[in-house]
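Order-wise, the sequence lines are chains C and E.
Just so you know, we're using numbering that gives the first Met the number 0 here: the first sequence kicks off at 0 and counts up by one.
Just so you know, we're using numbering that gives the first Met the number 0 here: the second sequence kicks off at 0 and counts up by one.
Simulated from the structure, these hints should not be mistaken for lab results.
Hints are supplied without guarantee of correctness; some may be wrong.
Lysine-lysine pairs mimicking DSS-like chemistry, simulated, CA-CA at most 30 Å apart [to be verified]:
1) C:177 <-> E:177
2) E:319 <-> C:177
3) C:177 <-> E:316
4) E:262 <-> E:101
5) E:101 <-> C:98
6) C:98 <-> E:170
7) E:99 <-> C:101
8) C:99 <-> E:101
9) E:177 <-> C:98
10) C:101 <-> E:101
11) E:170 <-> C:101
12) C:98 <-> E:99
13) E:101 <-> E:177
14) C:99 <-> E:262
15) C:101 <-> C:262
16) C:177 <-> E:99
17) E:177 <-> C:262
18) E:170 <-> E:262
Protein chains: 2
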Amino acid sequence: MKLATLPDGTLDGRLHLVSRDLTRAAPAQAAQTMQTALENWTGLESALTAEYAALNQRGGTPFYPSSAMAPLPRAWQWLDGSAFESHGDLMDTVFGLAKKEKTGRPLMYQGLSNLFYGPADDVRMPSEADGIDFEGEYGVITDAVPFGADTATAGAHIRLIVQINDWSLRKLAPIEMKTGFGWVQAKPACSMAPVAVTPDELGESWRDARVDLPLLVDWNEKRFGAANGYEMAFGFDQLVAHAAYSRALVAGTVLGSGTVSNKTYREVGSSCIAERRGIEMIDQGEAKTPFMSFGDRVRMDVTGKDGQSVFGAIDQKIVKA
Amino acid sequence: MKLATLPDGTLDGRLHLVSRDLTRAAPAQAAQTMQTALENWTGLESALTAEYAALNQRGGTPFYPSSAMAPLPRAWQWLDGSAFESHGDLMDTVFGLAKKEKTGRPLMYQGLSNLFYGPADDVRMPSEADGIDFEGEYGVITDAVPFGADTATAGAHIRLIVQINDWSLRKLAPIEMKTGFGWVQAKPACSMAPVAVTPDELGESWRDARVDLPLLVDWNEKRFGAANGYEMAFGFDQLVAHAAYSRALVAGTVLGSGTVSNKTYREVGSSCIAERRGIEMIDQGEAKTPFMSFGDRVRMDVTGKDGQSVFGAIDQKIVKA
Numbered sequence: 000m001k002l003a004t005l006p007d008g009t010l011d012g013r014l015h016l017v018s019r020d021l022t023r024a025a026p027a028q029a030a031q032t033m034q035t036a037l038e039n040w041t042g043l044e045s046a047l048t049a050e051y052a053a054l055n056q057r058g059g060t061p062f063y064p065s066s067a068m069a070p071l072p073r074a075w076q077w078l079d080g081s082a083f084e085s086h087g088d089l090m091d092t093v094f095g096l097a098k099k100e101k102t103g104r105p106l107m108y109q110g111l112s113n114l115f116y117g118p119a120d121d122v123r124m125p126s127e128a129d130g131i132d133f134e135g136e137y138g139v140i141t142d143a144v145p146f147g148a149d150t151a152t153a154g155a156h157i158r159l160i161v162q163i164n165d166w167s168l169r170k171l172a173p174i175e176m177k178t179g180f181g182w183v184q185a186k187p188a189c190s191m192a193p194v195a196v197t198p199d200e201l202g203e204s205w206r207d208a209r210v211d212l213p214l215l216v217d218w219n220e221k222r223f224g225a226a227n228g229y230e231m232a233f234g235f236d237q238l239v240a241h242a243a244y245s246r247a248l249v250a251g252t253v254l255g256s257g258t259v260s261n262k263t264y265r266e267v268g269s270s271c272i273a274e275r276r277g278i279e280m281i282d283q284g285e286a287k288t289p290f291m292s293f294g295d296r297v298r299m300d301v302t303g304k305d306g307q308s309v310f311g312a313i314d315q316k317i318v319k320a
Numbered sequence: 000m001k002l003a004t005l006p007d008g009t010l011d012g013r014l015h016l017v018s019r020d021l022t023r024a025a026p027a028q029a030a031q032t033m034q035t036a037l038e039n040w041t042g043l044e045s046a047l048t049a050e051y052a053a054l055n056q057r058g059g060t061p062f063y064p065s066s067a068m069a070p071l072p073r074a075w076q077w078l079d080g081s082a083f084e085s086h087g088d089l090m091d092t093v094f095g096l097a098k099k100e101k102t103g104r105p106l107m108y109q110g111l112s113n114l115f116y117g118p119a120d121d122v123r124m125p126s127e128a129d130g131i132d133f134e135g136e137y138g139v140i141t142d143a144v145p146f147g148a149d150t151a152t153a154g155a156h157i158r159l160i161v162q163i164n165d166w167s168l169r170k171l172a173p174i175e176m177k178t179g180f181g182w183v184q185a186k187p188a189c190s191m192a193p194v195a196v197t198p199d200e201l202g203e204s205w206r207d208a209r210v211d212l213p214l215l216v217d218w219n220e221k222r223f224g225a226a227n228g229y230e231m232a233f234g235f236d237q238l239v240a241h242a243a244y245s246r247a248l249v250a251g252t253v254l255g256s257g258t259v260s261n262k263t264y265r266e267v268g269s270s271c272i273a274e275r276r277g278i279e280m281i282d283q284g285e286a287k288t289p290f291m292s293f294g295d296r297v298r299m300d301v302t303g304k305d306g307q308s309v310f311g312a313i314d315q316k317i318v319k320a
């Protein structure tokens with residue numbers, strides 16, 4: 000099943016089914032918004048699935064991914080992991096931090112969740128001097144997860160998979176990290192690709208609770224990275240269970256993988272500028288690629304095994320706040 | 000003005016005006032919930048103020064603070080500072096961390112906001128082995144704050160003052176701090192005292208955007224601390240402006256002071272167990288006071304200059320999740 004949220008003048012927008020090829024959409028009859036669907040997912044899933052099957056046969060109206068809001072335009076909770084070890088190692092280099100010990104525990108922070116930008120919204124940033132960067136990642140959305148859920152239970156509550164750009168301000172990030180408190184200023188609102196998909200929709204590309212597909216990242220229309228999502232040190236089921244250790248997760252919790260990154264980063268490229276700067280520091284002794292300027296664009300897209308876009312593209316411009 | 004939220008079967012509850020002496024309450028006519036009031040505060044404030052004045056004259060029904068929900072039972076955003084320097088210094092001692100450099104920047108993390116426990120709710124914790132601790136603090140609730148608001152603008156958007164218990168798991172806290180990502184497992188849901196008050200309600204006890212009143216903390220019916228809220232290194236206006244640097248703050252943002260702590264901690268006591276353990280480590284070479292056990296109770300209350308409870312009391316028991 001593929002779902003999107005179209006603008007209707009409200010903060011939550013109107014939930015739509017989207018055809019598998021992303022060309023057509025129809026308003027969901029079983030639920031008005033994504034949040035209400037997630038609050039009663041098991042009760043509504045079969046009705047939504049039937050609507051989806053019918054839409055794929057015929058009907059609906061043309062769907063323009065760039066006119067969508069984020070599939071979940073605001074969430075009660077956004078928890079972002081950092082599950083790609085090659086990313087973590089490069090970031091420690093970039094920030095001049097000691098390489099983190101492998102603790103066997105996922106890395107995770109809680110971020111701004113009351114707004115996810117739609118895929119074509121302009122992104123407001125205070126200053127170019129802050130080191131504006133993108134972070135392409137995958138994410139999942141859960142329905143309500145019980146307090147203390149184990150990995151299997153947690154995995155069963157993963158209802159949707161999404162693609163996220165976790166915008167970051169790199170000059171502020173290490174300052175906030177050194178406090179141990181995590182990021183507030185360094186992590187403005189994130190963006191979400193227009194279409195959320197159920198795990199079954201990915202077929203064999205959803206493997207071990209990971210997305211086994213490359214995330215194509217273009218910066219100002221030039222390919223920047225195509226790293227695969229499978230190389231996570233922890234699956235999304237493990238990340239959800241980690242988060243649920245001392246809290247029940249509210250329906251509509253969004254949980255991110257952290258920047259998609261592969262050990263072969265010299266070949267596949269990176270999903271954020273900071274990583275490339277880390278590689279430059281290692282290979283050439285200094286970072287050469289600058290961070291973003293106002294007016295710059297970033298595009299992210301994922302092509303499925305069938306050659307079609309899975310989530311629709313994020314394509315956004317940075318503007319002065 | 001004093002406001003509380005009483006249970007009505009919904010997650011948001013029903014907004015009530017509460018008489019100044021906390022003995023009577025009446026359902027707000029101008030707004031159904033605290034969140035909707037905050038989304039249109041400037042439009043509704045005068046109507047709510049009139050309702051409050053009438054209630055203080057007569058009318059309403061008996062108000063039992065322990066039957067209230069949190070004034071804002073769920074919020075889109077919870078940002079917690081750590082603005083008391085004596086607390087920070089002691090915590091670095093307890094956690095075995097290097098004393099943090101004074102950067103001139105507030106410390107702040109983003110935490111779980113989709114649930115604030117009501118003042119008499121049992122508090123669920125996974126394990127006594129995690130080092131269960133309370134953290135008594137003050138907080139503010141804002142309406143919508145513009146992106147990049149300066150300190151004066153930020154201060155003008157502080158609409159309510161609340162009293163919070165920021166539950167903490169001390170054995171997990173330093174592990175999460177060392178990652179630089181901040182806390183997820185170490186910070187379960189917080190609790191809120193039953194009554195939120197407008198700044199004018201505090202009179203001269205609201206000074207420099209700080210609460211100049213002692214927070215009385217009792218652990219298992221024994222006085223544990225009575226530290227004053229004025230000693231913050233940054234006022235709430237500065238904390239709100241810090242948070243708004245790279246984001247607009249959604250209406251209903253809750254922002255905390257961090258554990259109330261005074262440099263005279265040996266005289267006034269502490270608002271959390273970890274601080275007392277830090278003092279014991281300094282004075283006696285080792286921590287002696289254990290963390291909490293299931294069945295333990297914590298009570299927090301604030302007495303105004305008029306001798307009456309300002310926010311009503313938090314009085315809760317720890318239970319096994």
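Results for each hint:
no. : hint            : verdict
1   : C:177 <-> E:177 : holds (9 Å)
2   : E:319 <-> C:177 : violated (34 Å)
3   : C:177 <-> E:316 : violated (35 Å)
4   : E:262 <-> E:101 : holds (16 Å)
5   : E:101 <-> C:98  : holds (24 Å)
6   : C:98 <-> E:170  : holds (22 Å)
7   : E:99 <-> C:101  : holds (24 Å)
8   : C:99 <-> E:101  : holds (24 Å)
9   : E:177 <-> C:98  : holds (11 Å)
10  : C:101 <-> E:101 : holds (29 Å)
11  : E:170 <-> C:101 : holds (18 Å)
12  : C:98 <-> E:99   : holds (20 Å)
13  : E:101 <-> E:177 : holds (18 Å)
14  : C:99 <-> E:262  : violated (34 Å)
15  : C:101 <-> C:262 : holds (16 Å)
16  : C:177 <-> E:99  : holds (9 Å)
17  : E:177 <-> C:262 : holds (24 Å)
18  : E:170 <-> E:262 : holds (25 Å)
Hint check: violations occur at hints 2, 3 and 14; the rest are consistent with the structure.
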